[in-house]
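**Student:** The residues making up each chain are set out below.
There are 2 protein chains.
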Amino acid sequence: MRVMNKKALAVLLVVLPLAVILTYHWNSGSISAIDIRGRDTLKNLLDERIRHMKYENDNIPYRIKENILRTLAINGCVCESDKSLINIPFAQLLFSQVSATQLNAMFQGAELQRAKQYRNKEYQSFRERTFTAADSLIIADANNPLQYPTQGVEVRPTRTILIPGLSLNVKSKERQHLVELTATMGTFDTAVLVDGVQISGEGEMHIHFVSDSLALLNRQLQFVTYTNTQFHPNTADVVQFKTTGFQALFTIKIRHPPMPTFYNPGPKKDYNVSTLVTIATKTFLRYDKLQDLIDSIRKFYPTVTIVIADDTKDPKPVKGPYIEHYLMPFGKGWFPGRNLAVSQVMTKYVLWVDDDFIFTSNTKLEKMVDILERTTLDLVGGGVREVTGYTANYRHIITTDAGDEEGDCLHIRTGYHHVIEGFPNCVVADAVINFFMARTEKIQKVTFDPRLARVGHLAFFIDGLGTLHVGSCDDVTINHASKIKGMLPWGQSETDKAYSAFRYPSEKEENVNEYDLYYLKNHFKCITSD
Amino acid sequence: MRVMNKKALAVLLVVLPLAVILTYHWNSGSISAIDIRGRDTLKNLLDERIRHMKYENDNIPYRIKENILRTLAINGCVCESDKSLINIPFAQLLFSQVSATQLNAMFQGAELQRAKQYRNKEYQSFRERTFTAADSLIIADANNPLQYPTQGVEVRPTRTILIPGLSLNVKSKERQHLVELTATMGTFDTAVLVDGVQISGEGEMHIHFVSDSLALLNRQLQFVTYTNTQFHPNTADVVQFKTTGFQALFTIKIRHPPMPTFYNPGPKKDYNVSTLVTIATKTFLRYDKLQDLIDSIRKFYPTVTIVIADDTKDPKPVKGPYIEHYLMPFGKGWFPGRNLAVSQVMTKYVLWVDDDFIFTSNTKLEKMVDILERTTLDLVGGGVREVTGYTANYRHIITTDAGDEEGDCLHIRTGYHHVIEGFPNCVVADAVINFFMARTEKIQKVTFDPRLARVGHLAFFIDGLGTLHVGSCDDVTINHASKIKGMLPWGQSETDKAYSAFRYPSEKEENVNEYDLYYLKNHFKCITSD
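Chains C and D, in that order, give the protein sequences.
For the first sequence, the numbering used here assigns the number 530 to the last residue and increments by one with no breaks.
For the second sequence, the numbering used here assigns the number 1530 to the last residue and increments by one with no breaks.
Bound conformation, chain C alone (with noise of 0.2 Å):
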């Protein structure tokens, strides 16, 4: 009996940590495999709700008022260029005229099919990564005893949450009253018990409470929770809440937040340009005009980081206190140097300039930084003055229309949204010039296309259109170092002379330009520019 004591003692004593480690360790893989393919099953459920609501009154006629249905572009959207409404000699130097351009014409024949098909494709992951069930359309039945939360409601992934204002008040005197809910990606259960309310499912994704009395009903609906079981870092579950004869949906977002992205602008107590803005630059060739860029920074903020992005074929070294020179293969281009300068950058702001720029007494970047810190503006921007005493700030307005299964339509207009409040000097646009300041973290979350080799401008903007929240203010300004001289041929350095050889795209060269991306990457099919 001892010896088999001591034996089964020793089993015990192998097999209990054992069994205790497997346990430990079992939830790792207790979860069946899920399906992440991306089927729309939600969204077709709230689909197939909107297709089956009765419309009674079909047959009432309307007269149609043809300014407003106009403007609801029912059947997708259009590019339509102007026509001349005023024909007076100079017309296209008084106004500016609206061009259209349809974005495919590029392509021809196989193509054109093979870009249709591969845009098709792309566009419908594109919306299955992209759009939740939380973005599509419920229609609260009216009448409904049922009381419910219609937006707001949010889990992070795995968690639990209580589901706020569920309640249901029947004004009719019945027996009993029920009331069940059902989701697909957690499950339910309660806080707390309620006696007289009798609940089964607790725990499993469809629960359901009854009880003789509404007072107490209410009582227990007011602790009713969620949790997350099906994992997804950023998705909705749709919740069915059902009385008799009843029912209402609404989604639950499981997501994880938004995450925070802040810069400590440092141990020092000064709250200056220094230890929040850095300046970047890229540039090709012309050293000589960096040169003097650097040196007028220098006059103003001698302590500023200035990154610079460098795809000379011979560089030369550029040296400095906070000065940090990045070299990449030689030629690779315009939007790739801008990526890899934004790319660096350590403070919360960043100031881009081009490398032909010149700092002046009015380049005040507290300006910049002020309205960037009180406002919700994303990225303000300056003017660039010529030495012809002009100023430019190239506004512009960008607007999209939803269109059909070639994409959408793309207007760009110049002018701006709206003066700023408490900013006089500013206002709200979609597109500004290459002199801007932005915060590092949503210019990042946008990037500069590194496909735009040679030339490129609005397209950061289309990228950013929904992200970024633009500002330009016009007391802000930097100057743009003389091109005249540069322009005219007995005017031009060897060094001009190489620079403007490369600058500008000849035909031969298989680049990507503005309007490939708007096609191709973009989903756009026409764009309207004036």
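If you are wondering where the hints come from, they were derived from the structure by calculation, not from laboratory data.
Be a bit skeptical, because a hint or two may be false.
[To be verified] Keeping only pairs whose Cα atoms sit at most 30 Å apart, straight-line, the calculated DSS-like set for lysine-lysine is: (1) D:1171 with C:332; (2) C:242 with D:1171; (3) C:445 with D:1332; (4) D:1121 with C:242; (5) D:1171 with C:313; (6) C:171 with D:1316; (7) C:116 with D:1442; (8) C:442 with D:1445; (9) D:1316 with D:1332; (10) D:1313 with C:332; (11) C:442 with D:1043; (12) C:116 with C:242; (13) C:171 with D:1173; (14) D:1242 with C:332; (15) D:1116 with C:367; (16) C:319 with D:1171; (17) C:173 with D:1173; (18) D:1442 with C:253; (19) C:173 with C:43; (20) D:1043 with C:445; (21) C:43 with D:1442; (22) C:121 with D:1367.
Fair warning: this is a prediction, and the values are worked out from it, not measured in the lab.
Got chain C sorted already, so can you dock chain D onto it with the hints?
**Tutor:** This is chain D only, laid out in the frame that chain C set:
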């Protein structure tokens, strides 16, 4: 008379075109200044409504379910170490123990005060810029005769939409039926006119419908339009929909929809790794290992582009077809180098490798492309095989809990969420090892924070929470060049010694480490990890 007429005509010929030009350009400046200093008027409206809801049943008692209540984290979150449940020898070898770190502990006195002030201020601005009225809680009243859309109504900035689903379903027989709609960032109108309905406020922020016939009123309500007049690139308006004795609230999102970012695989008919993938890496000093990596890649993928970020002090050239070599300031660092390399990628996917990895016949990039093409994953990691045969995948789960004004709680555990249906060798996690393929547009959106100079790994995945859907497959592996020789003192080359001296931060260096960033950048107050 004739002289007068000529003069008048001359004046007209000058004035009229000018007047036309002025009228033509009038629109650009006619809207008055708009305040964008981020006041939460609409969110306050919704919060007020929630606060004033009646809770009639508050006297009814209940029994608490402790286990459920605990998951709710009602009073914020805490980070606690595991108390050891089983006190046996070698417990730590058998069980991972969870340790907790309070992140503000690194700051003292005045520095802590400044850090707190800064964090609070930044968090308030962040919330103003990031959350809209569409994120606020709205609860639908029961027994409301109004039918209306509770989610899914969206309009592009400055555009017009039809509001779906508006209807009045009163049961009682009233003499007159009345509804009104009010908004603050746009105006209402109607696309059609139904006889027998009186409308006032067309084109204004408050519109009013009256009719003796409910059917006529509801027919009219099928055609109500909303036009965004107060520009904002990404916000939401709150619509108040009222009838006698009842009200409903719903939000209309005003935004550019998420912008697609597609990558054209190019004119080739083949759909292969070289057109879809770019390999990115960072190197420092270890040119021999880097060359071994490149040679191993070329055995299997002779034409795939390799982007190399290099911050060696006296860099050597790294040449070859499809190789791009970028030179950085000496010792700029690890995450800056990662961010630089990724900023130059022009293909749909980017594969990250360390410079001391070696490709083998098991390094099948096609498998990684396949799962990214066919699922909603944004990033998929593989396994890194050490010379001992042990293969690491570094799978981690990262969860967060909502905290208080000090910040949220961050929890890091080894493990994964679930297996992927259809891909039995693959799982979903939140962080993986440094050998992964990712969608370029997503990885560029998250960015590798250039403030992490020496060490960092999980920081990238934490920045990616909510943005990246992360997976890990154990059937794609890469070899790690032998470290054993390099770890023994007599096995180190001069280069190895210089590398080690630089790689690991000395105590004197004022480096930003990951924990600094979790506190200052991501607004966490504490972290637990196993």
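**Student:** Now, for every hint given, state plainly whether the structure supports it.
**Tutor:** Okay, the hints, checked on the actual structure:
1. D:1171 with C:332: At roughly 71 Å apart (the allowed maximum being 30 Å), residue 332 of chain C and residue 1171 of chain D break the hint.
2. C:242 with D:1171: 22 Å, holds
3. C:445 with D:1332: 22 Å, holds
4. D:1121 with C:242: It is violated: about 44 Å lies between the C-alpha atoms, which goes past 30 Å.
5. D:1171 with C:313: 80 Å, violated
6. C:171 with D:1316: 83 Å, violated
7. C:116 with D:1442: 23 Å, holds
8. C:442 with D:1445: 9 Å, holds
9. D:1316 with D:1332: 17 Å, holds
10. D:1313 with C:332: This hinted pair holds, its Cα atoms lying about 23 Å apart.
11. C:442 with D:1043: 24 Å, holds
12. C:116 with C:242: Not OK: residue 116 of chain C and residue 242 of chain C at ~44 Å, beyond 30 Å, violated.
13. C:171 with D:1173: Cα-Cα ~19 Å, so holds.
14. D:1242 with C:332: 60 Å, violated
15. D:1116 with C:367: Holds, at about 26 Å.
16. C:319 with D:1171: Judged against 30 Å, a Cα distance of about 81 Å means the pair is violated.
17. C:173 with D:1173: This hinted pair holds, its Cα atoms lying about 23 Å apart.
18. D:1442 with C:253: 21 Å, holds
19. C:173 with C:43: At roughly 37 Å apart (the allowed maximum being 30 Å), residue 43 of chain C and residue 173 of chain C break the hint.
20. D:1043 with C:445: Given pair residue 1043 of chain D, residue 445 of chain C holds - Cα atoms ~26 Å apart, limit 30 Å.
21. C:43 with D:1442: 24 Å, holds
22. C:121 with D:1367: 20 Å, holds
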